Every structure is written in C-alpha cells, then in structure tokens.
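**Q** Those protein sequences? They're chains A and B, same order as listed.
First residue of the first sequence: 1, per my numbering; consecutive thereafter.
First residue of the second sequence: 1, per my numbering; consecutive thereafter.
Do not take every clue at face value.
What the hints assert, rightly or not - Below, computed lysine-lysine pairings styled on DSS-like, alpha-carbon distance capped at 30 Å:
| # | chain 1 | residue 1 | chain 2 | residue 2 |
| --- | --- | --- | --- | --- |
| 1 | B | 249 | A | 211 |
| 2 | A | 211 | A | 136 |
| 3 | A | 241 | A | 284 |
| 4 | B | 88 | A | 411 |
Just so you know, these hints were derived from the structure itself, not from any lab.
As the structure is a prediction and not an experimental result, all values here were calculated from the model.
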Amino acid sequence: MTLRMTRRNVLAGGAAVLSYSMLASSALSQEKRLRVLWWGSQSRADRTNKVNQLFQSENPGVAINGEFLGWTDYWPRLATQVAGRNAPDIIQMDYRYIVEYARRGALAPLNDYLGSVLKVEDFDKVQIEGGSVDGKLYGVSLGANSAAMMVNVVAFEEAGVELPTSSTTWEDMARIGAEITKAGKRKGFYGLADGSGVEPLFENWLRQRGKALFTAEGKIAYDANDAAEWFAMWAAMREAKACVPPDIQALDQFNIETSPLSLGKAATSYAHSNQLVGYQAINKDKLTMRTHPLIGKDAKPGHYRKPSMFFSVSAQTKDPEFGAKYINFFVKDPKAAAILGVERGVPESAAVREALAPTLDELGRAALEYVSGLGALAGDLPPPPPSGAGEAELALRSVAEQVGFGQLDAKQGGETLVNEATQILSRG
Amino acid sequence: MAAVQDSAIAVGAGAKGRPAARGRLADLWTKHGAGYMFLLPWLVGFFGLTLGPAVASLYLSFTNFDLIRSPEWVGAANYVRIATADPKFAASLQVTFLYVVLSVPFKLGFALLVAILLDRGVRGLTVYRAIFYLPSLLGGSVAIAVLWRQLFAGDGLINSLLAQFGIEGPSWISHPDYSIWTLVVLSVWQFGSPMIIFLAGLRQIPTDMYEAASLDGASKFRQFYKITLPLLTPVIFFNAVVQTIEAFKAFTPAFIISGGTGGPINSTLFYTLYLYQEAFGNFRMGYASALAWILVLIIGLFTAFSFLTSRYWVHYDD
Chain A
1 MTLRMTRRNV LAGGAAVLSY SMLASSALSQ EKRLRVLWWG SQSRADRTNK VNQLFQSENP
61 GVAINGEFLG WTDYWPRLAT QVAGRNAPDI IQMDYRYIVE YARRGALAPL NDYLGSVLKV
121 EDFDKVQIEG GSVDGKLYGV SLGANSAAMM VNVVAFEEAG VELPTSSTTW EDMARIGAEI
181 TKAGKRKGFY GLADGSGVEP LFENWLRQRG KALFTAEGKI AYDANDAAEW FAMWAAMREA
241 KACVPPDIQA LDQFNIETSP LSLGKAATSY AHSNQLVGYQ AINKDKLTMR THPLIGKDAK
301 PGHYRKPSMF FSVSAQTKDP EFGAKYINFF VKDPKAAAIL GVERGVPESA AVREALAPTL
361 DELGRAALEY VSGLGALAGD LPPPPPSGAG EAELALRSVA EQVGFGQLDA KQGGETLVNE
421 ATQILSRG
Chain B
1 MAAVQDSAIA VGAGAKGRPA ARGRLADLWT KHGAGYMFLL PWLVGFFGLT LGPAVASLYL
61 SFTNFDLIRS PEWVGAANYV RIATADPKFA ASLQVTFLYV VLSVPFKLGF ALLVAILLDR
121 GVRGLTVYRA IFYLPSLLGG SVAIAVLWRQ LFAGDGLINS LLAQFGIEGP SWISHPDYSI
181 WTLVVLSVWQ FGSPMIIFLA GLRQIPTDMY EAASLDGASK FRQFYKITLP LLTPVIFFNA
241 VVQTIEAFKA FTPAFIISGG TGGPINSTLF YTLYLYQEAF GNFRMGYASA LAWILVLIIG
301 LFTAFSFLTS RYWVHYDD
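Generate coordinates for the entire structure from the input sequences, incorporating the hints supplied.
**A** Okay, structure coming up:
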C-alpha cells in the first residue's frame, strides 16, 4: 500500500492548516490570560479552581491558569519567577512578606481601582491598612483569622478532662496536659503539643505581658527575661509530661499534616482559626478550637484579627485593572464566597459574611464564630514583621529545640534567642 | 547492488575532484560540521546551563542580590561575613564534614564487600546486580527520602522491629544525636554505583595470580590483602574521589527529612541545605553564591589532596 500525495492534496491540506492557525491565533488574541499562584492544601486548590471556572464562565474569552504549592516551596518559586520576569498576575501574599515585595517594586499598587473595580468599602478598615505599605494598597485580604488552639475533643473526653475555655490559664493547661498523658488512653499519647518553638503562640503569650515580637521599627520587642520565662514554662511542662517529648515535637514541620495533633501524638496543636477546616479534613476524631490559655486569671488575651492572606497584583502584569477585577470577584461575589467558605479565613466584606453565614457547615460556623466572637478580646494588629522575620522564626524554633533537648537551660535559651534574633534583624 | 556501490564511489570522487573555490571556513564546515551539529546539544547545555550560570554566580557572590531588585556591588563583604561572623556556616560545615567522613568509608566498604560476594560466581548474578543497583538510581529522589522518614520516625518500621526485642527506640530522624546517622545509613544503602565499579575492577584481576598464590599456600585473607586490595587501588581511588564529591553535594535527603530546616538543632544542616536556605529562604542570592564558591574551593582542595596522596597508595599495574 502506498500513500500517494498529489499536489492538490498538499495545497488543500496546507490551506486547512493555515486557516486553522489563523483561527487559533485570533482566538488567542481575544483571550485574556491570568496566572494565579497560591500556597495551600488540596482542599483549598479545589475551591480556588472552582471559583476560577466560575469567573471564566462569567467572562467569556478569559483563561485562568491556577497553580498551587506548599508553603515552603511557594516562596522560592515566587521569588524565582519574579526575578525571571515571569511572575504570575495574581499572587497570594502573606502579611510576613508583603512589605518586602511591595518595597522592592514587585507588586502593583491598587489605589487607582478602589471604588471603581475594587469595591471593598465594607471591609474592616484595619484589614485594609494591613494590606497597605507606605500608604498604598498592595494586597486585598482574603479573610481574617486568628491564632487558635486546635483541640481533639475525643481525646479530652476519653481522659475525662474538661475542654479548655477562654478563661483557662497556662497553669490549668499544664495540669490538664499532665492528666491526659497520665490517663494513658492511647499509646504514646500526650496532653499537649510542645509550643515553645511556635512563633504565633509565643507572640500571643508576649502580648498578654504587654510585649510583642517586633517593634514598628523592626527591632525585637521582648527581652531575654521574657524568653527565659517562656522556655522555663515549657521545660516544666516537659518535666511533668504535660507535653510531648522533644524528639516527637521535632517531627512537626509546621504544617497541618505533621503537627503532633495530626500525628496522633497529642490532644492539642497551635495553629490559626482558618486551619480548623484543614485539620478536620485529615483527622478522624472530632476537633474544635479554643483561644490560647491566659498567663493569669485576670490577664487580657493576646489575640488579634489578622489578614490570613492577601491577593496581590504583580507589577509585571499587562493589565492590572483586570487583575483587580478578578480579586474583586474573589472577595465580593456571593457565588464565589459560597464555594470558598471560610477556608482562607472569615471574609472581610460584611455583606459576604452575612450571605455566607447560613450556608456554612459546622466547621465553617465554628471558624466564623471564633473570629467574630473574639470581638472585644482582640487587640490591635501588630505592625507587619520586618525583613528577617522568617529567619528569626527559625531561630526561635532552633533555640526551643536546644532547650528541649537539654543543651541549654531556660535562662541560656532566653539569652541565645535574643542575641540571635537581634543579629538577624540588624542584618535585615 | 554492485551498481549502486559503484555509482556512490563515482559521486564521491566527483566531489573530491572539485577545486577548493569555497573559503576555508566553509571547508572546515564540510569537514567537521556534522560533528559540531552532534555536539550542539551538549555545547548549548554547557555554555547555557553550566558555564554561564557559574560565571554569573561568581559575579553575584560580590553583590547583595535579593532576586527582585538588581544586584548591588559590595566587594568582598559576603566572604568576610562567611569568614568572621556566620556561626551557621561553621555549623553546616561541621555537619557536612561529619557526613562525608562517616558515609564515604562505610559506603565504599559495604560496596566492596557486596562486590566480592557477587564476584564469587553467584547464580543469577545479573539479577542481583540490578537489584543492588536500584537504590542508587532511586537514591536521590524525594520519594526515597520520604520513605526513609517513615521508616525511622518514632512509630516507624525500625522502632516496631526494635520493640520486638523490648527496646524502645527514639524518633531517629528528629533527635539531634541520631538524625545524622539515619542519613549516613541512607547513603550506605545507596552503594550500588561504587559496587558495580568495584565488580568491574575485581573482574580485571587475573585469576592466575590467585591460583599461584593458593599453590604457595596463601590464605584467602592473605590473598585479599596482598593481591585484591593493591590491584584494586585505582578503582578504590576513583570511587573515593567521586563519592566524596557526591557526599559534599548531598542535599535532598536532609531537605526532606528535616522539612528544609536542617533541624533538629542544625543536626542535619548540610552545607548545601544552608546555602539553599540563604538563597531561597532569606533571599540572599549574593551571599549564597559566595557560599557556593567556598564549597567549590573545599571540594577542589579535597580532590587535589586525594590526587597528591594517591601516588603513595594507588598502584597502577604496568
């Protein structure tokens, strides 16, 4: 069998290819492409992709390319893409990094679109300020959350211990933890996770003492005595077996999957309120969340409402206005809100919150109630962390481990932490 | 067939007979063009992906570069900080040296042992060779490191086995006293590639030497010590140099097992992991480039030292 190709065949084929490619290119030129990059779990990705499809169907000729990574892989990828002039149009941004990215000119200011494309008038003022750097808006908050203690309800019931409340003190908590461990209902199971290296928990404790992690000028806002007391408190917990031993705690890579709670090693973990959804997704036991313990009976809690994450528009995007339109859809459209729920935190828009409330499941309602219930308890939003804050967080973790494994005592730990953090921040 | 061949020769002769009217360059092209075309993928790779970035990183090592703003020239400041004010540099170097010193001898020893066993004419040798080589192929991969994490975690397989004997093991990967050892064991487990090379080396040793030795009444151990080892020294030398360089560059296992932190307490902070943290965690590309060049220098010194000492213990049979 031979394939014969006449001149006519070739010409016709060529013409077909040509017309097809012209069609395709004209379709391409009509199409607006928007690349969106975020970090998070699979369940967040599913929700986000659904919203993107919705946006596409309401805006014909628009193609959204979504991409997601875990937290630790996310920042290297983003930095490389920005450096390679290949930044995504829409960037999920964290409170920790927004100042760095904005000051280095990687983000587009959104002030021009406020009121026209970006209708965020009913947002909490504080949260708008949280997304602003040097007086310009660089990030639209996707939701509010707050530090929270995740609690395994079943494990507490098994041990016959009452769940903590908003007036539980750290002293109570040490006793409760030891009781759960002593009850011994599960193999290798402890009352509490070791929170000595968990920065948001340390911050909460410092705020109760009227201190903070960082000053507005980017210096550290606590001293060696504060840190030493903190480490001493946890050393006592380890001693009393109220919390997990250090080699168990060191398995925690500070994500939902490897926390002592999810690993089945402890009845608590320290996280953020929007993460309850993710925690419950991979834990069989029923979970709930509580505010962090108090330093004393009459202490004021150290919580605050924090923008869980932002959407920013890249300075490299071709059409920042369209980016703003996409973000507006994401935070204001009721259908989008119904899909997103409170997985990224409690929506900032009052209208969206009201529309959303009746549609939420139990977990979603718990998150909503937790954050709105903080009400008067919540303090001011601290200034955005200075550059070097990420490194300082690693230093806290490392020093906490050194104390945990007995290489330093609590007093030395306090001095080491303050020295290292000061050095890191001075380097910037 | 004959006719075809004849005509081909005729065409060739015609081409050769043509006067050299074209330029020298074109002439070179006809002579070597095909060769360069075949080399092209490698040339592009070498200049575009190896030499180019290397030169760029040398430049960047004298700058502050945060990936977003353009690099800012700071002279030798990065190198000065490495030398005088960076405890983590010292810590990571210490961890890396420990890893090299532990993993390379163990790995080579184990590889040699297995190679000798396989050399004794095992049935189904090719199958064993393939099986033993497999971990080396998989070794650098993330999946294996994740598997390792599972095996050595507090309630992993290793501790379940120990529990059979009534021993309560710690969480090996997250205890600063043991974590480096799990990485060493992982490295030894990937003995396949030096093993294959040892096996080839063993096959090169003439059997009549052993025959002569056993006629003279030399024990197996003596034969190994007096014949096998000396004749194998070139292969041992090659494996040692290659594996040392590999060990200095190790990254993936530590990255996965510590979740990128190098913890607990910097006990798995390999040099390359620290370099990665500085580059992509703290966005100090210039400083990370300087660290990279220090590593090049260290590996270079080590290799040069190996070559210098090799003349005293490596025997080339000629």
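**Q** Which hints, by number, does the structure contradict?
**A** 1
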